[in-house]
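*Asks:* If you want the building blocks of each chain, they are given just below.
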Amino acid sequence: EPEVTQTPSHQVTQMGQEVILRCVPISNHLYFYWYRQILGQKVEFLVSFYNNEISEKSEIFDDQFSVERPDGSNFTLKIRSTKLEDSAMYFCASSALRAEDEQYFGPGTRLTVT
Amino acid sequence: SQQGEEDPQALSIQEGENATMNCSYKTSINNLQWYRQNSGRGLVHLILIRSNEREKHSGRLRVTLDTSKKSSSLLITASRAADTASYFCATAWSGGGADGLTFGKGTHLIIQP
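Sequence lines, in order, name chains P and D.
In case it helps, the numbering used here puts the first sequence at residues 1 to 114.
In case it helps, the numbering used here puts the second sequence at residues 1001 to 1113.
Be a bit skeptical, because a hint or two may be false.
To be verified - Sample of chain D residues at the chain P side, in silico, Cβ under 8 Å:
#1 Leu1043
#2 Ala1092
#3 Leu1101
#4 Lys1105
#5 His1108
These aren't lab readings, by the way, just hints derived from the structure by calculation.
From the three backbone atoms N, C-alpha and C, an ideal C-beta is built for every residue, glycine too.
Could you put together the complete structure from these sequences and hints?
*Replies:* Laid out in structure tokens, this is it:
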């Protein structure tokens, strides 16, 4: 069964460093998303992406965040200058034809900022 | 802003019993989705119910949606130890262009053997 994959599974970085989290959405899906979950808290929406541009972004998704689909398969989240409070689990998700379809999530990347 | 809130926050039952979790939200929605998350792991999609549907079944899962009360329930029948996990409802706003899901805090379900 097709699934969303994410790499790395765990990333440790120092405050102020740039990180890139990678995702491979399900191949025939058109909508892509990033969410984060700080330990013990809710899953929070960051950004959605469709047709090679951002469709919607939350207040969390400020100028230090960016997303890119550099080729036909990968979808990346870049955090330009990490802060301690960026430590969280980051989930990528994709949905098929419409934003209203089921969103399928990857296993997540645990980001630890020290 | 809309917000899905599940109750109870924690539920412990014996294996074989049925588990019911509830979710409330605040704004109009396109759909409501239920997810399962095992400790420290990813989110597994369980079922989606659209705003024009009232009930949906998938295996041992039964979901209801009452848009007049802005609430949904997830019933897991004949529970198994493997059902132990956190369960989240997530809503997709109907306002147009806002396609990110809003998650609740979740219900932590423990199935005792």
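*Asks:* Does each hint hold? Answer for all of them.
*Replies:* Hints versus structure:
1. The beta carbon of leucine 1043 of chain D is positioned within 8 Å of a beta carbon in chain P (closest approach about 4 Å), and the interface hint is therefore held.
2. Given the 8 Å rule on beta carbons, the hint for alanine 1092 of chain D holds: about 6 Å separates it from the nearest Cβ of chain P.
3. With its C-beta approaching chain P no nearer than about 6 Å, leucine 1101 of chain D sits inside the 8 Å limit, and its interface hint holds.
4. Given the 8 Å rule on beta carbons, the hint for lysine 1105 of chain D holds: about 6 Å separates it from the nearest Cβ of chain P.
5. Using the Cβ-Cβ criterion of 8 Å, the hint placing histidine 1108 of chain D at the interface with chain P is not satisfied: the shortest such distance is roughly 11 Å.
Hint compliance for this structure: hint 5 is the single one not met.
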